Structure formats: C-alpha cells, structure tokens
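Peer 1: The sequence shown runs 330 to 415 under our numbering.
The set of hints was computed from the structure by calculation and includes no laboratory data.
Values in this document were obtained by computation on a predicted structure and should not be read as measured data.
Glycine is no exception: its CB is placed at the ideal position from the N, C-alpha and C atoms.
One or more of the hints may lead you astray.
[As the list claims (entries may be wrong)] 35 Å max Cα-Cα, derived DSBU-like pairs, lysine-lysine:
{"no.": "1", "residue 1": "K336", "residue 2": "K386"}
{"no.": "2", "residue 1": "K336", "residue 2": "K387"}
{"no.": "3", "residue 1": "K330", "residue 2": "K410"}
{"no.": "4", "residue 1": "K341", "residue 2": "K387"}
{"no.": "5", "residue 1": "K386", "residue 2": "K341"}
{"no.": "6", "residue 1": "K386", "residue 2": "K410"}
{"no.": "7", "residue 1": "K386", "residue 2": "K330"}
{"no.": "8", "residue 1": "K410", "residue 2": "K336"}
{"no.": "9", "residue 1": "K410", "residue 2": "K341"}
{"no.": "10", "residue 1": "K410", "residue 2": "K387"}
{"no.": "11", "residue 1": "K338", "residue 2": "K386"}
{"no.": "12", "residue 1": "K335", "residue 2": "K387"}
{"no.": "13", "residue 1": "K338", "residue 2": "K387"}
{"no.": "14", "residue 1": "K330", "residue 2": "K387"}
{"no.": "15", "residue 1": "K410", "residue 2": "K338"}
{"no.": "16", "residue 1": "K330", "residue 2": "K341"}
{"no.": "17", "residue 1": "K335", "residue 2": "K386"}
{"no.": "18", "residue 1": "K410", "residue 2": "K335"}
[What the hints assert, rightly or not] Cβ pair distances, simulated, as ranges:
{"no.": "19", "residue 1": "G345", "residue 2": "S366", "range": "14 to 20 Å"}
{"no.": "20", "residue 1": "K387", "residue 2": "S331", "range": "28 to 34 Å"}
{"no.": "21", "residue 1": "S366", "residue 2": "R406", "range": "26 to 32 Å"}
{"no.": "22", "residue 1": "L401", "residue 2": "S364", "range": "15 to 21 Å"}
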Amino acid sequence: KSSAIKKVKDDKLFAGIENGFLAARYHSLIVDQESLSPELEVLAESEEGEIMALKHKKYSIYGVQFHPESILTEAGREMIKNFLEL
C-alpha cells in the first residue's frame, strides 16, 4: 500500500523532499495521537491524519510508520541520506 505523506513540521529528515510524497506502508499499525508522549513531536501525517513520522524533542531519535527503503517510497533514498547526515 502506498500513502501520500504530508509534512506537518520542517525537519532535516525531509530536506529537499516535496510535500505529499508517496511512501510504502506494509501494515496497518499507527501511533495513537491520544497517547503520544509530550516528549515527541509529529513531523508528518497521512492524508487521513495518521502519524507517519515523529522525533524526540531533546534527543536525535526518529521514528517513521512507513518504509523509506522501499522502491514504492518516492523520496526514500533522499530521506535515508538525510537521516545519515543528522
């Protein structure tokens, strides 16, 4: 399954990546907005408002709910490159 991912906050992880990029999702697991720790901030969401990327506010810890390594993720290589340069 591919989903359009919209950035909701600028971050180096998404540098040079257009908003609304398609990303591969191989499962239906999501982070519940209601139980999100205040130490985490949302970086991107699906068109349905599901959290697709987040990071810790203090530490360089990131999480995504899609597969940047997949051929179905349009900006996957650029995102992995950005991550390695953080």
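Peer 1: Indicate, hint by hint, whether the structure satisfies it.
Peer 2: Results for each hint:
For the proposed pair K336 and K386, the alpha carbon gap of about 17 Å is at most 35 Å, so the pair holds. Between the alpha carbons of K336 and K387 the distance comes to roughly 20 Å, so the proposed pair stays at or under 35 Å and holds. Pair hint K330 plus K410 holds up; C-alpha atoms about 23 Å apart against a cutoff of 35 Å. For the proposed pair K341 and K387, the alpha carbon gap of about 15 Å is at most 35 Å, so the pair holds.
Taking the CA atoms of K386 and K341, the gap is about 14 Å. The hint holds against a cut of 35 Å. Between K386 and K410 the CA atoms are separated by roughly 21 Å; this keeps the pair inside 35 Å, and the hint holds. A C-alpha spacing of about 30 Å is found between K386 and K330, which places the hinted pair at or below 35 Å, so the restraint holds. About 18 Å separates the Cα atoms of K410 and K336, which keeps this hinted pair within 35 Å; it holds.
Among the hinted pairs, K410 with K341 is consistent with the structure: their alpha-carbon atoms are about 10 Å apart, no more than 35 Å. Proposed proximity of K410 and K387 is supported: the alpha carbons are some 22 Å apart, at most 35 Å. Among the hinted pairs, K338 with K386 is consistent with the structure: their alpha-carbon atoms are about 12 Å apart, no more than 35 Å. Using a Cα cut-off of 35 Å, the hinted pair K335 and K387 holds, with the two alpha carbons roughly 23 Å apart.
Simply put, K338 and K387 have alpha-carbon atoms about 16 Å apart, close enough for the 35 Å limit, and the pair holds. Taking the CA atoms of K330 and K387, the gap is about 32 Å. The hint holds against a cut of 35 Å. The suggested pairing of K410 with K338 holds, with an alpha-carbon distance near 19 Å, which does not exceed 35 Å. Restraint check for K330 and K341: satisfied, since their Cα atoms lie roughly 26 Å apart, inside the 35 Å limit.
In summary, the hint linking K335 to K386 is supported, as the alpha carbons are separated by about 20 Å, within the 35 Å threshold. At roughly 19 Å between alpha-carbon atoms, K410 and K335 fall within 35 Å of each other, so this suggested pair holds. The supplied range of 14 to 20 Å is broken by G345 and S366, whose beta-carbon atoms lie about 29 Å from each other. For the hinted restraint 28 to 34 Å between K387 and S331, the CB-CB distance of approximately 33 Å keeps it satisfied.
Checking the proposed 26 to 32 Å range against S366 and R406 shows it holds: the Cβ atoms sit about 30 Å from each other. Taken as a hint, the range 15 to 21 Å is violated for the pair L401 and S364, whose Cβ atoms sit roughly 28 Å apart.
Hint compliance for this structure: hints 19 and 22 are broken, all remaining hints hold.
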